[in-house]
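There are 2 protein chains.
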Amino acid sequence: MENVKVALWGFGAMGSGMARMLLEKRGVDIVGVCDAHPERVGKSLYAALGVERAGRAEVIITDKIAEALVKGRCDVCMIATDSFVKKVFDKIKFALEQGANVITIAEEMSYPKAQSPELALEMDKIAKANGVSVLGTGINPGLAMDLLAVCLSGAMTRVDGVLCRRVNSLSPFGETVMEEQGVGISVEAFEKGAKSGALAGHVGFAESIGMISDALGLGVERFEQQMEPIVTKVDRVAPHGSAKAGNVAGINMSGQGYKGAKKIITMEHPQQIEPETEGVFTGDYIELSGEPAISMQIKPEISGGLGTIAMAVNCIPHVINARAGLRTMIDIPVPRAIMGDFRDCVDPDKKIVR
Amino acid sequence: MENVKVALWGFGAMGSGMARMLLEKRGVDIVGVCDAHPERVGKSLYAALGVERAGRAEVIITDKIAEALVKGRCDVCMIATDSFVKKVFDKIKFALEQGANVITIAEEMSYPKAQSPELALEMDKIAKANGVSVLGTGINPGLAMDLLAVCLSGAMTRVDGVLCRRVNSLSPFGETVMEEQGVGISVEAFEKGAKSGALAGHVGFAESIGMISDALGLGVERFEQQMEPIVTKVDRVAPHGSAKAGNVAGINMSGQGYKGAKKIITMEHPQQIEPETEGVFTGDYIELSGEPAISMQIKPEISGGLGTIAMAVNCIPHVINARAGLRTMIDIPVPRAIMGDFRDCVDPDKKIVR
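First to last, the protein sequences are chains Z and C.
Quick note, in my numbering, the first sequence goes up one by one and the last residue is 354.
Quick note, in my numbering, the second sequence goes up one by one and the last residue is 354.
A few of these clues could be false.
Because identical chains cannot be distinguished in the list, a pair is counted as satisfied if it fits within a single copy or across any two copies.
[As the list claims (entries may be wrong)] Derived DSSO-like pairs: lysine-lysine, alpha-carbon spacing no greater than 30 Å straight-line:
id, residue 1, residue 2
1, Lys125, Lys351
2, Lys195, Lys244
3, Lys351, Lys128
4, Lys263, Lys128
5, Lys351, Lys113
6, Lys350, Lys125
7, Lys262, Lys350
It is worth saying that the hints were derived from the structure and are not from the lab.
Treat the numbers as computed from the prediction; the structure is a model and nothing was measured.
Kindly produce the complete structure, drawing on both the sequences and the hints.
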């Protein structure tokens with residue numbers, strides 16, 4: 001069987017991380033990279049990563065997707081450019097129409113019917129018409145605050161409520177994330193940014209709650225979310241951002257899914273730089289109430305960056321093998337690390353580049 | 001759509017627990033129960049459970065499977081009678097040949113190719129010939145020491161090693177389990193029983209290690225396991241068993257999967273009555289080394305009895321929807337609690353009783 005052929009669309013921290021991971025793996029090749037950043041265009045993929053080419057075919061980063069993604073030469077296109085369904089839709093459409101399966105880390109794509117049911121239907125149609133599938137994944141949404149809770153609930157005879165809490169550190173992230181999460185700004189500036197929509201906060205609660213509710217049949221009818229500043233009492237300094245005492249060290253997001261007046265699903269997700277300075281320790285927590293109750297913790301939290309890169313790359317065989325259409329993490333087999341040859345994980349009948 | 005129709009084969013603690021759970025659910029009916037126990041045969045299912053029949057069709061427990069499982073009247077047959085592939089094979093064959101999908105909690109059936117590759121192939125053939133599927137599941141093997149580790153590894157770019165540790169209490173279990181696990185006997189009797197095979201210990205390490213190794217492509221070539229007595233320093237008393245100081249309170253099982261000389265997968269599973277009396281606290285622990293490392297704990301451990309009942313019942317829609325053949329937990333979608341109508345989880349094209 002030919003190696004699994006992958007094109008990358010977007011070569012920021014996530015896209016380049018996927019490339020780095022793929023180059024460590026067996027039975028898989030990167031066949032094209034598309035990125036708009038002027039400093040990257042025209043560069044060799046290997047030079048951009050600072051990695052030896054080591055006999056592999058040359059790949060030059062291009063800003064023209066038609067050069068990076070050629071019909072019949074690609075099994076999967078990885079899209080790491082946007083967070084929102086509306087913004088990533090045209091890219092997904094293009095890739096599907098080239099006959100490529102698609103994995104995207106756009107947060108809303110983890111469960112697109114939650115907020116964009118029409119576009120979800122449209123993507124499902126396009127994928128089916130082209131005999132391929134499209135999947136959104138990542139660490140969160142994608143695993144830590146949704147799929148993992150779904151998986152654990154399999155051991156329960158009755159679920160009364162779901163609480164997912166992810167406490168993470170923003171310290172490893174770059175300047176863009178610092179800005180999006182309001183690190184270092186005053187409380188007044190935060191309130192303004194929250195109102196205007198300038199502060200992104202976490203994108204994905206509507207999707208995680210929708211996924212859990214549909215998977216378990218919990219019948220959530222109404223969704224709410226809130227955004228609060230995490231005000232630091234001490235000066236905090238991280239590599240790409242800092243916050244003086246009294247200013248904002250990050251964002252505390254919370255979300256709820258209701259059935260009637262009853263809160264069934266709760267999400268809590270405080271993100272900040274240097275949480276340890278005020279005795280906050282990071283972790284992923286899932287509390288499932290019902291029979292039997294299940295209380296899970298992962299400490300420290302699963303790394304956001306590496307986790308997202310891994311989830312996307314590790315789902316490559318799943319998206320090739322999947323039935324044509326729009327797929328989500330709850331209708332493919334469990335994700336898993338791939339330490340063997342990618343080709344051994346792929347159904348030969350589903351391979352595009354033979 | 002007709003309700004999902006389920007036949008139960010085996011009505012001990014697990015089979016009757018599944019019945020109890022099913023009667024709480026929507027869109028699913030129990031259509032037959034087969035059990036050999038003379039005290040149960042001829043009794044009404046509802047009387048045997050001490051549950052109101054409440055307008056449901058009568059079901060009389062029979063010791064003739066041909067009465068409980070009738071071709072065309074059953075979507076899934078649940079088999080809760082044996083632990084080993086060789087012992088349960090004929091039952092599975094019979095059920096598949098009646099055109100029913102099969103779920104069994106026989107531990108070795110969670111990954112039958114680990115120790116019975118020929119029978120696994122045979123079952124796969126029979127299932128395909130009848131257009132149905134067969135799945136082995138449970139809490140362990142099935143989730144706590146295998147599928148959950150597989151799922152978490154999906155967030156890792158590289159896995160170097162897997163450690164699964166399940167520390168549980170035997171106190172809730174009955175006399176059969178006390179005997180199988182050597183509770184209360186002397187250390188000498190334990191050594192004899194371990195040699196002769198009279199002490200069952202945990203069944204499933206070969207399956208859990210095989211499942212993890214194949215899912216991740218870890219290439220385990222060799223499997224070992226050990227059984228040690230847990231000798232209590234204090235007198236311990238549980239509802240169905242007890243152990244004097246100096247005698248055996250339970251079994252400590254350990255297992256390893258090697259690639260060459262390297263130990264890649266480690267299983268540790270101490271089971272005992274009243275572990276708290278010597279400061280042992282129960283829990284499920286998974287340690288994945290690699291990038292990023294993941295350290296998970298669930299405290300207390302997921303209940304063995306309820307967990308197995310739930311896993312089996314919650315997989316009913318999955319086994320109906322699955323491609324025909326022998327399936328395992330790593331090739332169906334993630335398990336999940338079913339709080340809605342069972343029919344909403346079933347692909348109408350795959351339904352047997354229409």
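Hint-by-hint comparison with the structure:
For the identical chains of this complex, Lys125 and Lys351 are neighbours both inside a copy (20 Å) and across copies (24 Å), given an alpha-carbon limit of 30 Å. Proximity of Lys195 to Lys244 under the C-alpha cut-off of 30 Å is restricted to the intra-copy arrangement: shortest distance 23 Å within a copy versus 67 Å between copies. Both within a single protomer and between protomers do Lys351 and Lys128 lie at most 30 Å apart by alpha-carbon distance, with minima of 16 Å and 23 Å respectively. Within a single copy, Lys263 and Lys128 get their C-alpha atoms no closer than 36 Å, and across copies no closer than 44 Å, so neither meets the 30 Å cut-off.
Taking identical chains as interchangeable, the C-alpha atoms of Lys351 and Lys113 lie at most 30 Å apart whether they share a chain (27 Å) or sit on different chains (26 Å). In this assembly of identical chains, the alpha carbons of Lys350 and Lys125 lie at most 30 Å apart whether taken from the same copy (18 Å) or from different copies (22 Å). Taking CA atoms no more than 30 Å apart as the test, Lys262 paired with Lys350 passes in neither setting, with 44 Å inside one copy and 35 Å between copies.
Checked against the numbered hints above, the structure violates hints 4 and 7; every other hint is satisfied.
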